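In case you want the letters, here they are:
2 protein chains.
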Amino acid sequence: MDAIPAKGGESLSKDMESLSPFGTARSTAQGKPLSNDELDKINRYFHASMYLCLGMLYLKNNPLLEEPLKKDHIKARLLGHWGSDAGQSFTYIHFNRLIKKYDLDAFFVSGPGHGAPAVISNSYLEGVYSEVYPNMSQDKEGMQRFFKQFSFPGGIGSHATPETPGSIHEGGELGYSISHAYGAVYDNPNLIALTMVGDGEAETGPLATSWHSNKFLNPIDDGAVLPVLHLNGYKINNPTLLARITHEELEAMFVGYGYKPYFVEGSDLPSMHQAMAATLEECVVSIKNIWKEARESGKAIRPRWPMIVLRSPKGWTAPRDVDGHHLEGFWRAHQIPLTKVLTDPEQLKLLENWMRSYKPEELFTKDGKLIPELAELAPTGNARMSANPVTNGGQLRKPLKLKDFRDFAIKVNKNGAELAPSMNIFAEWLTTIVANNTDNFRIFGPDETESNKLGAVYKAGPKVWLGEYLDYDKDGGNLAPAGRVMEMLSEHTVEGWLEGYLLSGRHGMLNSYEPFIHIIDSMVNQHAKWLEKCYEVEWRTPVASLNILLTSTVWRQDHNGFTHQDPGFLDVVANKSPEIVRIYLPPDANCLLSVMDHCFRSENYVNVIVADKQNHLQFLDIEDAVAHCTKGAGIWKWASNDEGAEPDLVMASAGDVSTQEALAATALLREHLPELKIRFVNVVDLFRLMPNGYHPHGMTATEYASLFTDNRPVVFNFHSYPWLVHRMTYKRVGQHLMHVRGYKEKGNIDTPLELAIRNGTDRYSLAILAIDNLKDTLGNKGSSVREMLLDTRTRSASYAFETGEDPKAFVDWKWPF
Amino acid sequence: MDAIPAKGGESLSKDMESLSPFGTARSTAQGKPLSNDELDKINRYFHASMYLCLGMLYLKNNPLLEEPLKKDHIKARLLGHWGSDAGQSFTYIHFNRLIKKYDLDAFFVSGPGHGAPAVISNSYLEGVYSEVYPNMSQDKEGMQRFFKQFSFPGGIGSHATPETPGSIHEGGELGYSISHAYGAVYDNPNLIALTMVGDGEAETGPLATSWHSNKFLNPIDDGAVLPVLHLNGYKINNPTLLARITHEELEAMFVGYGYKPYFVEGSDLPSMHQAMAATLEECVVSIKNIWKEARESGKAIRPRWPMIVLRSPKGWTAPRDVDGHHLEGFWRAHQIPLTKVLTDPEQLKLLENWMRSYKPEELFTKDGKLIPELAELAPTGNARMSANPVTNGGQLRKPLKLKDFRDFAIKVNKNGAELAPSMNIFAEWLTTIVANNTDNFRIFGPDETESNKLGAVYKAGPKVWLGEYLDYDKDGGNLAPAGRVMEMLSEHTVEGWLEGYLLSGRHGMLNSYEPFIHIIDSMVNQHAKWLEKCYEVEWRTPVASLNILLTSTVWRQDHNGFTHQDPGFLDVVANKSPEIVRIYLPPDANCLLSVMDHCFRSENYVNVIVADKQNHLQFLDIEDAVAHCTKGAGIWKWASNDEGAEPDLVMASAGDVSTQEALAATALLREHLPELKIRFVNVVDLFRLMPNGYHPHGMTATEYASLFTDNRPVVFNFHSYPWLVHRMTYKRVGQHLMHVRGYKEKGNIDTPLELAIRNGTDRYSLAILAIDNLKDTLGNKGSSVREMLLDTRTRSASYAFETGEDPKAFVDWKWPF
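Chains L and Z, in that order, are what the protein sequence lines are.
Sequential numbering of the first sequence, starting at 1, is according to UniProt numbering.
Sequential numbering of the second sequence, starting at 1, is according to UniProt numbering.
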């Protein structure tokens, strides 16, 4: 093999042959565990899967090739991917043997892009597909429908979408196979997630760091992930990095990640079957031994978990060359392998010969059913990977045991009179959830649980840590090999874990600094799409909602500055399906409790809850809070003086800091312009603002007008970027009277008041805004008040600038009425 | 050291001492290159830096401790971080020696969170800070101001913000130090980026995969990155993963990543100084040798680049214990190390003693200037890392050499009559840009350049690849050790490279599938914030804009389905500062050329350009395209029949597929309801929709009304989620007549027409929508047309469902007038 590229590139590798995916198997594990008969059967089963994969890509008719293949049998548009199918199916089938031999509880995660044919063909072969979709029966008619639906309008896609039995990982966006797999095996002590990782996928950041998940896996209480890195060699149009580093580097990398890597490399099927059989078996035995040792000794050490590197040709078992170009073992095998079958009779013949080379007539009965001697290779019942109940986790889900959150409420004798830290109050209740749900609830976060004032939960469950310990970790480290809080400084990884944990039937919560949640925008998008699709898949039982608690919010980034100011995650979430997404902005601790209780009980949603972690004014006692949160938006009578009449002005807010400032503005106006009738409205459930036809929580026009009126100016102080409120209310009568203030990318190292002034969300600016919109009501009476407010604002800002602190009058403000 | 944690956790490590950050230096490189005098001076220089760091955290007065420290001298609010300052400054200072000795061209990248005091103190010590900010002079008054401004309202933050001389990497959001550093050294053959990587940061996905950037670094044409992984040991409240795996694993990991790791571990200053001096020197010599060998031989092999693991205590040189808890070497040293100095006189005294232990009186003159024998340790002029011109890249930027894009235009004889692939046309011009700007323009993308139909550029510059080669890579692989296209399947890494490349004074473009650009939402947010801040920093010269070309768009995900449908990146971008962000939706090839020409000439923007890669109708000849794009939005007279009069209806569009459908709807209406006066408006520059006070591109009310009227229904077919148009136009007169259609999370495996129908963005639905909003104009005349359209829509959808293809009448549609 010529290893010297053009223009002076040269190889580091001393043994280029070691990078070839072709040839007789080369493997770490030795031995030939398969008898000739077993090998033959497994090979034929593999052929059956490959035949089905090609059928899915090409055929709309003639599924068993009973007649010569004609253009009419081919789908009009050829869509789908062949590249990683063989390697994935090969791995799947070999694991079936071990599931039967060792009575394993296992499921399959398909990480490589577009590998759905591999898993779907196996689900069909083991009978699950037909059980789930009776019209895709195991006969000729069923097979024809099974082929036609693939990548066909109204049919199924080329990832392991929610329609795929046995899937909890769609894989449209790459990078999350490992974190999803670990998420599913935490607290599932006998479960193995056989996880194929694409070598394209492996280049992504989220995947690259997720290998470290093994430092959070407890061999006593958790199951195991068996990763199979599929060195398929190519992405869409490029070689993959990990297939093109030296063998030494590749091995070192996985030792570095804390695994024991096993290699299985080559293309020759008989030897590859033996190598894979031996390797998977050694890995399974190793996992079982690790479990046994840990469980018998009670010592949760971190072992070197096994992992496999499978180097096989991309498009394995395709023709090596077509039209003078490599197909098998090259990037040209990525998508549809033969692209001209509709126009080139020779290619059509080539396809037919290729499909016939698998000998379908020897694999399936005349009626199209897999022959019994092959069918019996698959496990039965729930032992079939595509039937593992964990992959339809809603079925297994038990409701959380929740103590009454009312018992943890803060006493609020007077509205807005005392400061308290909402997070700490919530944390006390959260601690009981951790304590009472020790095998199906975890808290996830990127090193911020303590900083987010939720550290109380460590009383009930410490942070999981299977890295090395130093003696002084005992001093408040809250680390233990078995725990309930999962922290790694990778938003991607903790989100992936949580998704896997939820989809396998458990409950959880992610807590994060608000500004950095954008890091996982795309993951949350994909999870929302998964849930949305699940509504269309009848057999999918609802799972617990994805609860994302955002704190350390934009308005209190006192020493982090501009980079830490971004409340725009809400805009990303609001674009997702209204069936799925919910946004809550509880203004105080009791509302936070009420909202979180609702979220923990809910199903199939993405709940985003925004609440700051600092000391804040407390507004509602618990019964008022529950009533208010149940309505989602309402008038705060105690802060209003319109007494049921038409107000002159509606002052509104959503968010804790925003509510305080809006209330303070209301107080200023009421103090200095007592003749004004002001109605105070607070919004907890943001989607209440939308018209009822647009979101299930949306208010009717009448409801909306009963809060905001349809003809009075509204000053709305909003937590996030102001346009989100406008986009939700643009259809409302009176929308032109809605004046929203929120964050507008104006920040610096600021005191809270300074930042608010910069963005016009402080009490003075809000009151001035109100006066400016009440000119007709106030006439000249407003001018002197306006001037006074302007002056106070200026003086407050200079005070902060000079002293580094906000004025006492601002810091110590309470609701004065 | 007791390595056994509670509850059965046990260590994998045979040598726990190796994980301790304390003690005499342990290092890979041996030797004592420093004379006693040199060591003493370097140590004092280091002390000066540490003194300044503490001053920044605490003091607003008494900067030289001329009088006993009093509460009055302390800032009222203590903000800032101590944790990583010492390790970073230590590394910085030791590199100064080598810059002088070897005449190096180098700059510093500060990856760990909140390490600004380290770099700012060094910038101050080497005089750059005072040159850039004359009021922060090198004297007592300057030092007092220098201290006070830090983490103080109106001052500077605790990251290496744009205000920091020598910084191109702010680091507020963690994970991008390595990719930024590599971006800066590509095409800078003599530049070394000394890059500190935080061990917290190292846990992020983006950082974990960015180590692989070395497979894209050409030792002939590019400079070098010298990464220093700072095993500081702790994050905010947790140990770091990489500090708690075995030494063997850590070493293997970096061998796996393709580096030669050098370890420097310990806390004892004299031996650590010698170890760091020896190690950095060995690394520098190694880099110079690699360069020399490659450049003399002309062979661009991938060497094992050196990297350093610096294990030192978090908060190094702080008191080890305070109040019965470890401070130095523990997470308690993360932020302000002594938190009670304002309330506890003993802590105040402790701080004073600590500061005095650095002996400021021996480091600074009475007037507050660093004494000459220490000052001369720093390099001079632009050799000072904080003065390296590359870190104010705008200064170095040369405009791109651009051929006239008009010469690459497609001939459009009749509007909307022919299909052509816009990307391929653009690619021909792009190829000349690559060819004519061989040292300051690169194209970046995650394995999609070919798929995005931009592969023509390989004629001018292949893909950079310093991984291993196989012989058949020659068959269309387009790979070479020296090239102009940078592809790795990590959106994070390629975006990070591009940012580094731009900030160091060059030009570039990212191309990506539209759906997966959300992966880098947060990176683009941070870059936009960086640029926004730069406007306030006078000495920052504008850099080339960040150009993001999104293709493979939502409307043509024919075989990728739901996961690949997300046009919401525009919402994220639209939240950023209007000074920075621009969004363009060119409807055809000639508009794309015109828009890209503008973007490549622009400065300091984030330009997002959305255009699909399939064959699409071509609407405008090049002169019309230029005129249209210059206006940003305009009436297409050839598609309108209102002839300057008041129209009955405005049909509007933004985006290529959306424009085709809106035009087809217009044609249907004109054919079947010829009495209707329809005005067709197309929007290229999305921010034109906003009011002029809200965005520099915003239209005045008069301009807006001259296009959209203020009293006629508007049917707006939009590329992305419809609410973005509403949020931009909610203030416009007549906004209640604006009916926007766009993507609404309704997708599946769909033909283009099916997907459009599902979302109401197809020609039939748009025409029906128009009729429904023209009831008063049309009376009953519209009903039969409506019925016909509904019927056509239904039949088209069933046709697609049955055949897998859209009807010919849809696929072959041309503008009929």
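These are computed hints drawn from the structure, not numbers from a lab.
What you are looking at is a predicted structure, and each value in this text was computed from that prediction instead of being measured.
Among the hints, a few may not be true.
What the hints assert, rightly or not - Here are some of the chain Z residues that sit facing chain L, going by a computed Cβ distance under 7 angstroms:
hint, residue
1, 31
2, 32
3, 36
4, 47
5, 74
6, 154
7, 189
8, 215
9, 489
10, 519
11, 525
12, 571
13, 745
14, 749
15, 751
16, 752
Built from N, CA and C at the ideal position, the CB exists for glycine as well.
Now the hints, each set against the structure:
no., hint, verdict
1, 31, "violated, 27 angstroms"
2, 32, "violated, 29 angstroms"
3, 36, "violated, 34 angstroms"
4, 47, "violated, 26 angstroms"
5, 74, "violated, 10 angstroms"
6, 154, "holds, 5 angstroms"
7, 189, "violated, 15 angstroms"
8, 215, "holds, 6 angstroms"
9, 489, "holds, 4 angstroms"
10, 519, "holds, 5 angstroms"
11, 525, "holds, 6 angstroms"
12, 571, "holds, 5 angstroms"
13, 745, "holds, 4 angstroms"
14, 749, "holds, 5 angstroms"
15, 751, "holds, 5 angstroms"
16, 752, "violated, 10 angstroms"
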